[in-house]
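Peer 1: As they're listed, the protein sequences go chains A and B. Positions 1 to 164 (the working numbering) are the ones given, in order, by the first sequence. Positions 1 to 260 (the working numbering) are the ones given, in order, by the second sequence.
Treat the hints with care, as some may be off.
Think about it this way: if two alpha-carbon atoms lie no more than 25 Å apart in a straight line, the pair counts; the simulated BS3-like pairs of lysine-lysine are [to be verified]:
id : chain 1 : residue 1 : chain 2 : residue 2
1  : A       : Lys97     : A       : Lys109
2  : A       : Lys118    : A       : Lys88
3  : A       : Lys36     : B       : Lys148
4  : B       : Lys55     : A       : Lys46
5  : A       : Lys118    : A       : Lys158
6  : A       : Lys147    : A       : Lys158
7  : B       : Lys148    : A       : Lys46
8  : A       : Lys142    : A       : Lys118
9  : A       : Lys88     : A       : Lys109
10 : A       : Lys36     : B       : Lys199
11 : A       : Lys46     : A       : Lys36
12 : A       : Lys162    : A       : Lys150
These stretches of chain B come out as covered by chain A in the derived footprint (C-beta under 8 Å, 3 or more residues) [as the list claims (entries may be wrong)]:
id : stretch
13 : 113-126
14 : 146-158
15 : 200-209
16 : 228-237
Derived by calculation from the structure, the hints in this document are not laboratory data. On a predicted model such as this, the values are computed, not experimentally measured, just so you know. Yeah, the Cβ is synthetic: ideal placement off N, Cα and C, and Gly gets one too.
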Amino acid sequence: MPQIDQIAATYGSQIFWLLLTFGITFFVIGLGMFPKIQGTVDARDKRIADDLEAARTANVTADELEESYRVKMENDRSEAQALVEASKAKANAAAEKRKNKANADIAAKVAAAEADIKARAGEALKEIETVSAEVAQDMVAKISGAKVTKAAALKEAKAALKHG
Amino acid sequence: MATEEGKIDPMYQFEVQTIFEGFSLGGQQIALTNSAVWMMVSVIALWAFMLGGMKRELVPGRWQMMVEGFTGFIDNMMDANIGPAGRKYAPFVFSLFMFILFSNVLGLLPVGVLGLHPFTVTSHLTVTGVLAILSFSIVLIVGFAKHKLHFFSLFVPHGTPLPMIPFIFIVELLSFLVRPFSLALRLFVAMTAGHILLKVLAGFVINSSNAGAGYGVLVGIPSFALMIGISALELLVAVVQAYVFALLTSLYINDAENLH
Numbered sequence: 001m002p003q004i005d006q007i008a009a010t011y012g013s014q015i016f017w018l019l020l021t022f023g024i025t026f027f028v029i030g031l032g033m034f035p036k037i038q039g040t041v042d043a044r045d046k047r048i049a050d051d052l053e054a055a056r057t058a059n060v061t062a063d064e065l066e067e068s069y070r071v072k073m074e075n076d077r078s079e080a081q082a083l084v085e086a087s088k089a090k091a092n093a094a095a096e097k098r099k100n101k102a103n104a105d106i107a108a109k110v111a112a113a114e115a116d117i118k119a120r121a122g123e124a125l126k127e128i129e130t131v132s133a134e135v136a137q138d139m140v141a142k143i144s145g146a147k148v149t150k151a152a153a154l155k156e157a158k159a160a161l162k163h164g
Numbered sequence: 001m002a003t004e005e006g007k008i009d010p011m012y013q014f015e016v017q018t019i020f021e022g023f024s025l026g027g028q029q030i031a032l033t034n035s036a037v038w039m040m041v042s043v044i045a046l047w048a049f050m051l052g053g054m055k056r057e058l059v060p061g062r063w064q065m066m067v068e069g070f071t072g073f074i075d076n077m078m079d080a081n082i083g084p085a086g087r088k089y090a091p092f093v094f095s096l097f098m099f100i101l102f103s104n105v106l107g108l109l110p111v112g113v114l115g116l117h118p119f120t121v122t123s124h125l126t127v128t129g130v131l132a133i134l135s136f137s138i139v140l141i142v143g144f145a146k147h148k149l150h151f152f153s154l155f156v157p158h159g160t161p162l163p164m165i166p167f168i169f170i171v172e173l174l175s176f177l178v179r180p181f182s183l184a185l186r187l188f189v190a191m192t193a194g195h196i197l198l199k200v201l202a203g204f205v206i207n208s209s210n211a212g213a214g215y216g217v218l219v220g221i222p223s224f225a226l227m228i229g230i231s232a233l234e235l236l237v238a239v240v241q242a243y244v245f246a247l248l249t250s251l252y253i254n255d256a257e258n259l260h
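Full structure from sequences and hints, please.
Peer 2: Below is the structure:
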């Protein structure tokens with residue numbers, strides 16, 4: 001096995017060259033390049049984490065905005081509803097009031113008219129009675145020559161009118 | 001291939017060959033070897049790979065994604081095994097993981113087709129041993145720096161009955177001291193065994209074909225089919241061993257960082 005047969009003759013150069021090459025590896029690559037690559041990776045990881053965090057924050061803000069918008073919308077809607085309700089009630093009340101007033105006016109006018117009609121009908125009846133009583137008095141005087149008192153004629157006329 | 005009288009040596013691939021004599025350091029010849037060249041190839045390939053991930057764009061491209069996949073993988077491993085304190089060890093474990101991974105995978109590449117000599121750095125005990133000792137010394141340094149002598153309480157698990165403490169202490173200490181050896185041997189053996197198996201099977205294909213067309217069909221084709229499967233398995237082993245090395249290192253560092 002040359003590794004062992006040659007060990008006495010070659011260990012010096014083997015160790016020398018190994019220390020030299022591994023030393024270069026360690027100092028140039030291990031200490032020089034490796035931390036820089038590590039730094040790049042770390043910076044990228046940090047950047048990604050930061051971006052994710054920012055996205056999460058933005059998302060939360062958007063949610064909050066949406067929630068507040070929703071609440072405001074709800075409030076506005078209920079406010080409008082209340083306003084509509086109130087004005088409807090007010091309009092209704094006003095209409096009712098006007099209607100009642102009109103009804104009362106009409107009723108009063110009708111009652112007045114009815115009373116008027118009644119009074120005129122009564123007057124007319126009286127006139128008819130008077131007229132028929134006078135006619136009856138005249139007729140009785142012309143036919144029989146008997147004098148009939150005004151009162152008796154009126155009484156007879158009334159009774160006759162009653163019986164039709 | 002070192003063919004001496006038709007013999008194919010499956011161990012030849014592990015031979016360290018001197019390309020350039022180099023210099024002497026403390027009595028040892030520091031030569032530029034094929035092993036050193038492959039180490040450099042690993043580092044350059046790894047550097048080029050990482051460079052594609054350095055665009056640092058917010059939205060990563062494919063290459064950057066791939067590099068970030070590796071760094072994220074080690075980051076997660078440190079986080080899962082050690083916790084937030086594990087981040088400061090991530091560069092070391094990442095270097096370890098990527099260096100072993102690239103060495104393992106590059107050693108499996110069929111560059112022999114191009115006339116090059118493939119060599120797996122991590123199939124050498126010297127190399128895996130040094131890496132294991134590096135990991136282990138970090139554990140020791142962190143452990144003693146953070147917990148001082150209290151670090152020895154690592155060897156006495158909670159709820160050990162008093163008379164058992166000396167015995168348990170020795171057992172735990174031994175298992176602790178064996179860690180660098182197991183770490184080094186596991187990688188070394190896994191890499192060596194797979195490569196030997198592949199070379200032995202390749203030798204079957206060549207030798208049986210040389211012996212005649214009948215042998216070639218009878219032995220060579222099944223061997224070749226097996227090689228395809230084992231190559232896939234070896235690729236998996238290359239990744240898994242790098243992972244295991246990094247994972248165990250992170251677990252050992254966790255012991256030092258958090259005790260129990």
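Peer 1: Are the hints correct? Go through all of them and say.
Peer 2: A quick look at each hint next to the structure:
Proximity of lysine 97/A to lysine 109/A is assessed by CA-CA distance (about 18 Å); at most 25 Å being required, the pair is judged to hold. For a cut-off of 25 Å, the pair hint linking lysine 118/A to lysine 88/A is broken: about 44 Å separates their Cα positions. Simply put, lysine 36/A and lysine 148/B have alpha-carbon atoms about 33 Å apart, too far for the 25 Å limit, and the pair is violated. Distance restraint check for lysine 55/B and lysine 46/A: the Cα-Cα separation of roughly 18 Å lies within the 25 Å cut-off, and the hinted pair is therefore satisfied.
Under the criterion of a C-alpha separation no larger than 25 Å, the hint pairing lysine 118/A with lysine 158/A is consistent with the structure, at around 18 Å. The straight-line distance between the Cα atoms of lysine 147/A and lysine 158/A is roughly 18 Å, inside the 25 Å bound, and the hint therefore holds. Proposed proximity of lysine 148/B and lysine 46/A is contradicted: the alpha carbons are some 37 Å apart, above 25 Å. Distance restraint check for lysine 142/A and lysine 118/A: the Cα-Cα separation of roughly 36 Å exceeds the 25 Å cut-off, and the hinted pair is therefore not satisfied.
Between lysine 88/A and lysine 109/A the alpha-carbon distance is near 31 Å, which puts this suggested pair outside the 25 Å criterion. The straight-line distance between the Cα atoms of lysine 36/A and lysine 199/B is roughly 41 Å, outside the 25 Å bound, and the hint therefore fails. Restraint check for lysine 46/A and lysine 36/A: the C-alpha separation of about 15 Å stays at or below 25 Å, so the hint holds. Restraint check for lysine 162/A and lysine 150/A: the C-alpha separation of about 18 Å stays at or below 25 Å, so the hint holds.
Coverage of a stretch by a chain is defined here by at least three residues with a beta carbon nearer than 8 Å to that chain's beta carbons; for the stretch 113-126 of chain B and chain A the count is 5, and the condition holds. For the stretch 146-158 of chain B, the stated coverage by chain A is violated: 0 residues have a C-beta nearer than 8 Å to a C-beta of that chain, whereas at least 3 were required. With 0 residues bearing a CB less than 8 Å from a CB of chain A, the stretch 200-209 of chain B misses the requirement of three and the coverage assertion fails. For the stretch 228-237 of chain B, the stated coverage by chain A is not satisfied: 0 residues place a CB nearer than 8 Å to a CB of that chain, which falls below the threshold of 3.
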